[in-house]
Amino acid sequence: MVICLTERFEPKIVGFLCRWCAYTGADLAGTSRIKYPPNVNPIRVNCSGRVDPTFVLKALSAGADGVLIAGCHPGDCHYTNGNVKTIRRFKVLQKMLDQFGIERERVRLEWVSASEGERYARIVESMTEEIRALGPLNWKSIVEVTA
Amino acid sequence: MTKPKIAFNWASSCGGCEIAIFELGAKLVDVASKVDIVFWPAICDYKYSDLEAMPDKSVDVTFFNGAIQNSDNEHAAKLLRAKSKTLVAFGACAYCGGIPSLANTTSKKKIFDSSYIETPTTVNPQRTLPQPIVQVPEGELTLPEFYNTVRTLDQTVDVDYYVPGCPPVGEQVGKVINQFIEGPLPSKGAVLGASEKSLCHECKRVKTERKITKLVRTYQTIPDAEKCLLEQGIICVGPATRGGCGSICLDANMPCRGCYGPLSNVIDQGAKMLSALSSIFDAESEEDIQKLADSVADPIGTFYRFSLARSLMRRTKP
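Chains as they are written, first to last, in numbering that gives the first Met the number 0: chain A, 0 to 146; chain B, 0 to 317.
The reader is advised that the hints may include incorrect statements.
[Said to hold, decoys possible] Listed next, the stretches of chain B that the computed footprint assigns to chain A, with coverage defined by at least 3 CB atoms under 8 angstroms from CB atoms of chain A:
| id | segment |
| --- | --- |
| 1 | 82-89 |
| 2 | 128-135 |
| 3 | 216-222 |
| 4 | 284-293 |
[Unchecked claim] Using 27 angstroms as the maximum straight-line C-alpha spacing, the simulated DSSO-like pairs for lysine-lysine come out as follows:
| id | chain 1 | residue 1 | chain 2 | residue 2 |
| --- | --- | --- | --- | --- |
| 5 | A | K139 | B | K33 |
| 6 | A | K139 | B | K46 |
| 7 | A | K94 | B | K108 |
| 8 | A | K94 | B | K187 |
| 9 | B | K2 | A | K139 |
| 10 | B | K210 | A | K84 |
| 11 | B | K187 | B | K210 |
| 12 | B | K33 | A | K84 |
| 13 | A | K57 | B | K206 |
| 14 | A | K94 | B | K213 |
| 15 | B | K2 | B | K187 |
| 16 | B | K2 | A | K84 |
| 17 | B | K213 | A | K84 |
| 18 | B | K107 | A | K57 |
| 19 | B | K196 | A | K84 |
Don't read these hints as lab results, they were simulated from the structure.
The C-beta atom is built at its ideal place from N, Cα and C for all residues, glycine as well.
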């Protein structure tokens with residue numbers, strides 16, 4: 000096997016995007032042909048409030064280097080206040096992830112409206128660069144160290 | 000008909016599960032007359048060599064309590080698996096990691112440093128730490144190797160059934176043992192001696208619309224004995240915990256700490272409790288939400304008190 004030492008680390012980021020704003024915003028980024036890194040694997044959810052903390056932990060423990068949760072701006076939620084519920088969960092989750100030793104840059108909550116394709120692209124860009132600088136998470140290897 | 004052969008073992012746990020079996024009281028005599036106890040180190044002088052001498056699959060049921068924290072625990076788990084037709088993870092530690100798996104928030108090195116060097120009552124100028132093998136003039140001495148990460152029984156060997164609880168309540172222990180003597184048994188992988196609903200379903204406290212503006216810890220207050228503890232701002236892990244214990248902690252005016260583990264179809268008990276708790280925060284602005292979140296003193300220790308080894312993350316980053 001040839002290992003190329005100059006190869007860049009490409010972070011794997013799982014994105015949970017709300018169908019009404021963030022996912023549509025990501026679509027707009029695509030149809031507008033805005034260039035941004037291909038590192039986010041988007042998963043469409045009906046509301047950012049649907050994102051159970053289990054999803055985030057599952058992604059991180061199964062090999063993701065980061066998780067992006069994106070929804071409508073507060074006040075603009077399609078379901079009135081689903082995204083406020085997201086904030087409540089996210090704040091406690093952040094505190095717990097600190098305890099697990101996972102850097103704050105790896106798990107982000109962002110607001111992207113359906114018209115903010117450019118904003119979505121810039122969020123993905125900055126998140127990708129921040130996680131690239133941190134390096135791989137590789138949670139399985141952390142669990143498997145027995146010595 | 001020959002009597003079923005039963006074994007009990009104690010790995011990394013406090014011994015409370017052994018006491019739970021004695022909670023059967025006089026009924027234990029009855030049980031003992033219906034089964035042959037072939038291995039039970041906690042009450043009689045059994046050795047691994049006794050077990051090794053038995054043919055494989057010759058024990059009908061083994062009740063294994065305790066998590067897997069060292070090479071001795073692992074050896075016992077593998078040996079008992081080979082010798083038993085049915086292996087039961089008995090109690091929170093074998094099932095979910097239990098209290099011992101909170102060691103996964105630290106590391107082997109830190110545990111050794113604090114136990115053998117830093118504690119004020121320890122005098123250890125040579126900084127001697129336990130070693131798996133030590134040469135002394137008389138020969139070689141060995142100790143089990145201590146692991147960095149605590150595992151559940153089923154992360155070590157194949158497990159047939161689970162009995163949750165820290166410890167499993169006496170009444171349920173009787174039922175479970177009877178189930179093995181008289182049958183019928185559910186399919187492999189089932190959780191025995193517990194309910195399929197959350198603890199809230201059997202809790203007798205009055206529950207209304209839950210909204211909280213601040214969290215209170217148990218040492219700061221004497222809670223109202225009739226009202227739901229979560230509504231009083233005390234973190235009670237009942238919503239994310241399997242019922243079946245009879246809500247005995249709640250009857251003693253103490254919150255549920257989650258020893259009966261997650262419900263069926265729940266992957267991660269802590270994540271579910273985190274969700275349940277934050278959903279009752281009575282705060283709209285980011286600032287107020289942050290204040291409430293900051294007041295959750297120890298998320299891992301509170302939400303995963305008995306289930307860190309069985310959680311998705313399993314340990315913290317050292």
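Comparing the hints with the structure gives:
{"no.": "1", "hint": "82-89", "verdict": "violated (count 0)"}
{"no.": "2", "hint": "128-135", "verdict": "violated (count 0)"}
{"no.": "3", "hint": "216-222", "verdict": "violated (count 0)"}
{"no.": "4", "hint": "284-293", "verdict": "holds (count 6)"}
{"no.": "5", "hint": "A:K139 to B:K33", "verdict": "violated, 45 angstroms"}
{"no.": "6", "hint": "A:K139 to B:K46", "verdict": "violated, 36 angstroms"}
{"no.": "7", "hint": "A:K94 to B:K108", "verdict": "holds, 25 angstroms"}
{"no.": "8", "hint": "A:K94 to B:K187", "verdict": "violated, 37 angstroms"}
{"no.": "9", "hint": "B:K2 to A:K139", "verdict": "violated, 44 angstroms"}
{"no.": "10", "hint": "B:K210 to A:K84", "verdict": "holds, 13 angstroms"}
{"no.": "11", "hint": "B:K187 to B:K210", "verdict": "violated, 40 angstroms"}
{"no.": "12", "hint": "B:K33 to A:K84", "verdict": "violated, 55 angstroms"}
{"no.": "13", "hint": "A:K57 to B:K206", "verdict": "violated, 32 angstroms"}
{"no.": "14", "hint": "A:K94 to B:K213", "verdict": "holds, 17 angstroms"}
{"no.": "15", "hint": "B:K2 to B:K187", "verdict": "holds, 22 angstroms"}
{"no.": "16", "hint": "B:K2 to A:K84", "verdict": "violated, 57 angstroms"}
{"no.": "17", "hint": "B:K213 to A:K84", "verdict": "holds, 17 angstroms"}
{"no.": "18", "hint": "B:K107 to A:K57", "verdict": "holds, 25 angstroms"}
{"no.": "19", "hint": "B:K196 to A:K84", "verdict": "holds, 25 angstroms"}
Violated hints, in rising order: 1, 2, 3, 5, 6, 8, 9, 11, 12, 13 and 16; the structure is consistent with all others.
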